[in-house]
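Construct the complete structure from the given sequences, taking the supplied hints into account.
Protein chains: 2
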Amino acid sequence: MSLDPVLSRIDADLSAATDRLFDLLRIPSISTDPAYKSDCDRAADWLVADLASFGIEASKRPTPGHPMVVGHVKGDGPHVLFYGHYDVQPVDPLDLWDRDPFDPAIEDTAKGKVIRARGSSDDKGQLMTFVEACRAWKSVHGALPCSITFFFEGEEESGSPSLIPFLKANAEELRADVALICDTGLFESRVPSIITQLRGLCGEEITLTGPDKDLHSGMYGGAAMNPLRMLARILGNLHDDDGRIQVPHFYDGVPELPEEIAAQWQALGFDHTAFLGDVGLSEPAGEADRSALEMIWSRPTAEINGMIGGYTGDGFKTVLPSKASAKVSFRLVGTQDPHAIRRNFREWVQDQLPHDVTASFKAHGASPASQMETSHPAFEAARAVLGAEWGHEAAFTGCGGSIPVAGYFKSILDMDSMLVGWGKDDDQIHSPNEKYDLESFHKGIRSWARILEAISR
Amino acid sequence: MSLDPVLSRIDADLSAATDRLFDLLRIPSISTDPAYKSDCDRAADWLVADLASFGIEASKRPTPGHPMVVGHVKGDGPHVLFYGHYDVQPVDPLDLWDRDPFDPAIEDTAKGKVIRARGSSDDKGQLMTFVEACRAWKSVHGALPCSITFFFEGEEESGSPSLIPFLKANAEELRADVALICDTGLFESRVPSIITQLRGLCGEEITLTGPDKDLHSGMYGGAAMNPLRMLARILGNLHDDDGRIQVPHFYDGVPELPEEIAAQWQALGFDHTAFLGDVGLSEPAGEADRSALEMIWSRPTAEINGMIGGYTGDGFKTVLPSKASAKVSFRLVGTQDPHAIRRNFREWVQDQLPHDVTASFKAHGASPASQMETSHPAFEAARAVLGAEWGHEAAFTGCGGSIPVAGYFKSILDMDSMLVGWGKDDDQIHSPNEKYDLESFHKGIRSWARILEAISR
Numbered sequence: 349m350s351l352d353p354v355l356s357r358i359d360a361d362l363s364a365a366t367d368r369l370f371d372l373l374r375i376p377s378i379s380t381d382p383a384y385k386s387d388c389d390r391a392a393d394w395l396v397a398d399l400a401s402f403g404i405e406a407s408k409r410p411t412p413g414h415p416m417v418v419g420h421v422k423g424d425g426p427h428v429l430f431y432g433h434y435d436v437q438p439v440d441p442l443d444l445w446d447r448d449p450f451d452p453a454i455e456d457t458a459k460g461k462v463i464r465a466r467g468s469s470d471d472k473g474q475l476m477t478f479v480e481a482c483r484a485w486k487s488v489h490g491a492l493p494c495s496i497t498f499f500f501e502g503e504e505e506s507g508s509p510s511l512i513p514f515l516k517a518n519a520e521e522l523r524a525d526v527a528l529i530c531d532t533g534l535f536e537s538r539v540p541s542i543i544t545q546l547r548g549l550c551g552e553e554i555t556l557t558g559p560d561k562d563l564h565s566g567m568y569g570g571a572a573m574n575p576l577r578m579l580a581r582i583l584g585n586l587h588d589d590d591g592r593i594q595v596p597h598f599y600d601g602v603p604e605l606p607e608e609i610a611a612q613w614q615a616l617g618f619d620h621t622a623f624l625g626d627v628g629l630s631e632p633a634g635e636a637d638r639s640a641l642e643m644i645w646s647r648p649t650a651e652i653n654g655m656i657g658g659y660t661g662d663g664f665k666t667v668l669p670s671k672a673s674a675k676v677s678f679r680l681v682g683t684q685d686p687h688a689i690r691r692n693f694r695e696w697v698q699d700q701l702p703h704d705v706t707a708s709f710k711a712h713g714a715s716p717a718s719q720m721e722t723s724h725p726a727f728e729a730a731r732a733v734l735g736a737e738w739g740h741e742a743a744f745t746g747c748g749g750s751i752p753v754a755g756y757f758k759s760i761l762d763m764d765s766m767l768v769g770w771g772k773d774d775d776q777i778h779s780p781n782e783k784y785d786l787e788s789f790h791k792g793i794r795s796w797a798r799i800l801e802a803i804s805r
Numbered sequence: 349m350s351l352d353p354v355l356s357r358i359d360a361d362l363s364a365a366t367d368r369l370f371d372l373l374r375i376p377s378i379s380t381d382p383a384y385k386s387d388c389d390r391a392a393d394w395l396v397a398d399l400a401s402f403g404i405e406a407s408k409r410p411t412p413g414h415p416m417v418v419g420h421v422k423g424d425g426p427h428v429l430f431y432g433h434y435d436v437q438p439v440d441p442l443d444l445w446d447r448d449p450f451d452p453a454i455e456d457t458a459k460g461k462v463i464r465a466r467g468s469s470d471d472k473g474q475l476m477t478f479v480e481a482c483r484a485w486k487s488v489h490g491a492l493p494c495s496i497t498f499f500f501e502g503e504e505e506s507g508s509p510s511l512i513p514f515l516k517a518n519a520e521e522l523r524a525d526v527a528l529i530c531d532t533g534l535f536e537s538r539v540p541s542i543i544t545q546l547r548g549l550c551g552e553e554i555t556l557t558g559p560d561k562d563l564h565s566g567m568y569g570g571a572a573m574n575p576l577r578m579l580a581r582i583l584g585n586l587h588d589d590d591g592r593i594q595v596p597h598f599y600d601g602v603p604e605l606p607e608e609i610a611a612q613w614q615a616l617g618f619d620h621t622a623f624l625g626d627v628g629l630s631e632p633a634g635e636a637d638r639s640a641l642e643m644i645w646s647r648p649t650a651e652i653n654g655m656i657g658g659y660t661g662d663g664f665k666t667v668l669p670s671k672a673s674a675k676v677s678f679r680l681v682g683t684q685d686p687h688a689i690r691r692n693f694r695e696w697v698q699d700q701l702p703h704d705v706t707a708s709f710k711a712h713g714a715s716p717a718s719q720m721e722t723s724h725p726a727f728e729a730a731r732a733v734l735g736a737e738w739g740h741e742a743a744f745t746g747c748g749g750s751i752p753v754a755g756y757f758k759s760i761l762d763m764d765s766m767l768v769g770w771g772k773d774d775d776q777i778h779s780p781n782e783k784y785d786l787e788s789f790h791k792g793i794r795s796w797a798r799i800l801e802a803i804s805r
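Read top to bottom, the protein sequences are chains H and S.
Start counting the first sequence at 349; every next residue gets the next number (this note's numbering).
Start counting the second sequence at 349; every next residue gets the next number (this note's numbering).
Honestly, the hints are just simulated from the structure, not real lab data.
Certain hints may be false.
Where chains are identical, the list cannot tell them apart; a pair therefore holds if satisfied intra-copy or between any two copies.
As the list claims (entries may be wrong) - For lysine to aspartate or glutamate, the following DMTMM-like pairs were computed, each having C-alpha atoms within a straight-line distance of at most 25 Å:
| id | residue 1 | residue 2 |
| --- | --- | --- |
| 1 | 710 | 562 |
| 2 | 459 | 787 |
| 3 | 408 | 521 |
| 4 | 561 | 699 |
| 5 | 665 | 440 |
| 6 | 710 | 600 |
| 7 | 671 | 553 |
| 8 | 561 | 662 |
| 9 | 561 | 631 |
Here is the structure:
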């Protein structure tokens, strides 16, 4: 089946495709807020109907939370599973939006046309690039070039509580040769990027207790142990002067980057000055002997994500607090074991506690890093064809964040994931005024058409 | 004028004195909350009327905030000024009170009868012990044994914004031989205690800024500077391993305790195990080579009173915050200069800042320590007679907190202050279920009668 008429069809149909996306964007499917439960349901129904509209049999599948959508279509060639999510982030603070987040519009900007709406980039717009590519194939050739399972989730923005049970309960139905996940972006907003390694995450909340009630620092100051002082002292020791993390055995399982990948990353010519300059910074703050790209893609981190204790309102209160707490997270790479790191962190804290201070801990998630097995032909096929669409050779890259679904596909379905997406750095996902470039939408659809053709050869 | 009939009169009049205090306690004179402005006014009116009821000419004196009450009575002998405050702390959380905080009652407890109400101990009950002693003198002898200026403030619990201007504007009228201040307590709830040294205070708020917006730790974690990490690191260095404060020149002006005072404190047999045990602690947490009493009375401190940054709600958010801030206070002794300490602290912080982190500071008050000149005969006179009332010899003690009015009396009116009071450690001032022992009220009145007699000899 030839590609060119599919690409022409995509170009001709862009305006209608945009209208369809707008229909989906109008549904405020905020998964974390129970007030929008029926809207999540409505978004799932919309997807089932949209797949049906070009002949894909799909159904809404209940979970204890929001429904999944699963559709299947048979074709020659390999079997791929496509994953996207139809739920979106909350929109507050609403007053920072320049328009109703659920009233999508095309806007002309200095950088070109954008689709402005909550979910335009994360992830409804991205999800629909794949759907539209399939629609165009079907309309031109009457069939798709390979077998496809469509798998849409409605809880990605609220921790995916139903995902693991659903994957386990439907493993046979969902297993494919490879998963395609469209929830990421272009490297530096221009280079098509196939993510082959994702950092893991271990989240930990620590609360130190000193006195059993808040004290007045005039009466007790000097004699009473202040847990804020100890929390600052302990967490102030988390890194040494060179930015190395001091929790014992922390670096167990952290690999050096293979030379081949290191060379590819080097070739990307990452402009860390611009990357950091965008957020008001100038110098990479991680381990002294690492490049900025390593710091965000292939090196582990320890960060304090939140800290609170004592009086934090206006003015001043000379209180010695009873408690102080912090949220700490570790980004993990290689074979670092999140559970071992949690254990070692807790011991390391306990070992530093002085008399009269006790620590309690709360676990907040633990996922190991993912390393994709890129030997599946889909990876090289995709890399080979994306350059033609974007004018830049595609690269295998890392991702500093965690995309847990890729890990679950591997551990539960024994299926590797190819993560590729068309988002740009300034899409403002999770923030007010989220947008998706019309270019991302259009070239994204064309990209999927190219990838489907390449992996089906 | 003989003392015994005055003491008998006080005993006979206790029930009526309690009723009068209840009238005052019923007025919710919360100075910090504008909703209670007219109540503060009403409390001032009540005091003017109460002084008038036994022949003291007094008036309500307007300020930009709540009014002062000033009254004068001429007598033979020395001239004393008595200071107390009629305003009270807010009462929230109201649901932790066992009764309406402004519906006073006598309650029987395992430790004896108590007056339960907001302000019963801090400071309406204490203030009225002096007023009742004067009333009894007047009623028995038709006159007072010395000249007295009554000076009641209505803004003590909200930072006394009008106090300095009022003292300056009325210096001639208010100056006396010595000030008597009743806003403190018995040492270990039993030993009458004349406070001769008060710590000063320097409050400082520090905000560190890293990136110019909050960042996602997946995208930026490792490469971006996290201001929470730096704040923990810097404030974790505030003390060395022996509890010494590491800000340069911090100990300039910190005196060693005179042997005579050290001996008096030694004789108090301070039970630091009980003092700390009451709040769930076991060991003094200050400088390694100092006693617990020194730590709270005569040694300077540095404490983190509040700290906040990043995500501090339920659950977890992998944010790298743009800002992190802390409130830090220093309790000062001897001739430590609060302004120099502020300057040195700021420099010390600046010197530790890495690239890409900026610090801003906000000053929150600065008052030097106060050391009373105990050569005025009132001090020895009071110390000599209080033992008879309380069954324990009175002591010259220190106070870890700051009572700024004593410093202002010295600096503006060149008048030393004798701080003596009848509160107990479990009075729960500033907290729900505040109380004042009926014994404190009764013996407090009798104590003032004894002190007035002794200093008028």
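Each hint tested on the structure:
1. 710 to 562: For residue 710 and residue 562, the Cα distance is within 25 Å both inside one copy (22 Å) and across copies (24 Å).
2. 459 to 787: Close inside one copy (10 Å), not across copies (79 Å); limit 25 Å.
3. 408 to 521: This pair counts as within: shortest intra-copy Cα distance 14 Å, inter-copy 85 Å.
4. 561 to 699: within (24 Å within a copy, 35 Å between copies)
5. 665 to 440: between (31 Å within a copy, 16 Å between copies)
6. 710 to 600: Close inside one copy (23 Å), not across copies (43 Å); limit 25 Å.
7. 671 to 553: Both: 13 Å inside a copy, 20 Å across copies.
8. 561 to 662: For residue 561 and residue 662, the Cα distance is within 25 Å both inside one copy (21 Å) and across copies (22 Å).
9. 561 to 631: Cα proximity of residue 561 and residue 631: across copies only (16 Å, versus 42 Å in one copy).
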